[in-house]
Amino acid sequence: MLCALGLRLDKNLAPAENRWMTSVAIIDYGRGNVRSVFNALDYIGVAATITDDPAVINDASHIFLPGVGACGDAVAALNARGLPEILHRQVFEKGKPFLGVCVGMQVLAAKSFEHGTHDGLGWLDAEVHRLDPGPDGLKIPHMGWNSLTPSRAHPVFDGIKTEDLVFYFVHSFAVTPSDPDKVLTTSDYGKPFVSALAWDNVITTQFHPEKSHDSGLEVLTNFARWVP
Amino acid sequence: MLKKRIIPKFLLCDGRLVKYRQFFSDERQAGNPVSTAKVYNDYGVDEFIVLDIIPSEDSKAIVRDIIKTMSEEIFMPFTVGGGVSLLDDVNALLRAGADKVSVNSQAVRDPSFVADAARSFGDQCMSVSIDYKEISPGVPRVHINGGREKTNHNPVDWALRMQDANCGEILLTSIDRDGMMSGYDSDMVARLDEQLDIPLVVSGGCGGLQHCIDAFAAGASAVAISSLFLFTDHSPIKMRSHLVSNGINVRASKTSRN
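Here the protein sequences line up with chains A and B, keeping their order.
Take 1 as the starting number for the first sequence in the numbering used here and just add one per residue.
Take 229 as the starting number for the second sequence in the numbering used here and just add one per residue.
If you're looking for bench data, these hints aren't it; they were derived computationally from the structure.
Incorrect hints may have been included.
Here are a few chain B residues that sit away from chain A, every Cβ distance over 12 Å (derived from the structure) [as the list claims (entries may be wrong)]:
1) Leu230
2) Phe252
3) Val262
4) Ser263
5) Asn269
6) Gly350
7) Ile372
8) Gly374
9) Ile441
Chain A side only, calculated, beta carbon under 10 Å to chain B, not exhaustive [claimed, not checked]:
10) Asn33
11) Ser61
12) Arg89
13) Asp158
14) Gly159
15) Glu163
16) Asp214
17) Gly216
18) Leu217
Please read all numbers here as calculations on a predicted model, not as lab measurements.
Glycine included, every Cβ here is placed at the ideal spot set by N, Cα and C.
Using the sequences and the hints, build the whole thing.
If you want it as structure tokens, here you go:
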């Protein structure tokens, strides 16, 4: 499908000429496989920079917050680099499209219960709890491919058939928001958990679009051309 | 619901794809790992496992380059291992594009290594690879150093210890079954699955589609496959449609999606 759109041809275009005049700041806070995010955006012809430089973040049109590891540790790393205030201004005052992935989703919550109790950035009235293995003793981490059940349409899923909403997950904790209207998709692991949240110019996913083959590249493509 | 995974396993020797039987006999060359990986990527497999079987400082650099190249064009998870003995080795592989790093011998030599690495890089990116063979009937023992060195660990006990050390996944390989294409050690999978709380990838012995069905029925989260894809006319596409028609929840193949 991507081939048919000719997206792969864009790979070598300079940032100013890139297809959607988009430049994505991939936030570097020493956590997460940022290189794979860069590679995926580069592959679909989107200009991206791995950065923690406020000036570069300010110049970017879109913000991508990656992350693996523990939530509390990630929040501490963001704080150590003074990034929360910078990101908050970009997202809430300037209204830039924001995509937070995995721990980059979890850090936005008010509180996390991973390895003790930790404060999150509190952009969202939500808590991060360990997945429940349930009576069947499900394996934790929840690792592998799982499908999404969308509660409404969203531009980042444009053009993706419902049966193709299958993405790669690797996590042991998940976000529970107090406002159900912000839930964009749920997925099932013994019982439903929140796999994507969206409100205004913010979307966050528990799954990894950069590791989710064609469906993931389509989500990234849609994000890059998203103008909320 | 979470899908069962199909994972091609690539063994590298000096950067070339190779395949043996029972780890040491009948060496066969299987080509260029990057071009082979791209073919499987187009078939829509679920992940890749890449193991450097005779690691040296030179070969580690080659493997990092291969992973770097693969991760520029393949957007799926990679588990990479072979000769990982320092936290710096883990870091270098993650930076090259690996999502999970597989540790084998070093986990035995330094029992705190896996816990240390999990603390530094996250549980989910530590995979412990366990190679075992029967030293007498009914007595399986973990072997390290590419199967050359016997330990006194029973694979089930060892896997549970590694789970306690916070590894995120176990890759379990039967040396006796490696390359023989006679079926996975489903009894061992069942025994381990009963006690293990983390995902289990089973490896060694896949020679047909029924073998995958048996392994999943025994409790495997994923099947690792080498010979079946490298040396027969089976493809991941054919495998998926067969598994789906047998009621196994795997990701739909690309052809059926387009």
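Verification of the hints:
1. Chain A draws Leu230(B) into its interface by the beta-carbon criterion, the shortest separation being 5 Å against a cut-off of 12 Å.
2. Distance to chain A confirms Phe252(B) as a non-interface residue, since its nearest Cβ pair spans about 31 Å, more than 12 Å.
3. Here Val262(B) stays apart from chain A, with its beta-carbon at least about 14 Å from theirs, past the 12 Å limit.
4. Interface exclusion of Ser263(B) from chain A stands, the closest Cβ pair being 17 Å apart, more than 12 Å.
5. Against chain A, the non-interface label of Asn269(B) is violated: not every CB pair exceeds 12 Å, the least being about 8 Å.
6. Chain A draws Gly350(B) into its interface by the beta-carbon criterion, the shortest separation being 4 Å against a cut-off of 12 Å.
7. Residue placement check: Ile372(B) keeps its beta carbon more than 12 Å from all beta carbons of chain A (closest about 25 Å).
8. Listed as a non-interface residue, Gly374(B) keeps its Cβ farther than 12 Å from every Cβ of chain A; the least gap is roughly 26 Å.
9. Every C-beta of chain A lies more than 12 Å from that of Ile441(B), the closest at about 18 Å, which supports listing it as non-interface.
10. The interface hint given for Asn33(A) holds, since its Cβ lies 6 Å from the closest Cβ of chain B, which is under the 10 Å cut-off.
11. The restraint placing Ser61(A) at the interface with chain B is violated, with a minimum CB-CB distance near 22 Å, outside the 10 Å limit.
12. Hint status for Arg89(A) relative to chain B: violated, with the closest Cβ pair at about 29 Å, above 10 Å.
13. Residue-level restraint check for Asp158(A) is violated (minimum Cβ-Cβ distance to chain B is 16 Å; threshold 10 Å).
14. For Gly159(A), the suggested interface contact is broken, since its CB lies about 13 Å from the closest CB of chain B, more than 10 Å.
15. Annotation: Glu163(A) was flagged as interfacial toward chain B, and the flag holds, the nearest CB pair being 7 Å apart, inside 10 Å.
16. For the restraint placing Asp214(A) at the interface with chain B, the shortest Cβ-Cβ distance is roughly 7 Å, inside the 10 Å limit, so the hint holds.
17. The beta carbon of Gly216(A) comes within 6 Å of a beta carbon in chain B, closer than 10 Å, and the hint placing it at the interface holds.
18. A distance limit of 10 Å between C-beta atoms decides the matter here; for Leu217(A) the minimum to chain B is near 6 Å, and the interface restraint holds.
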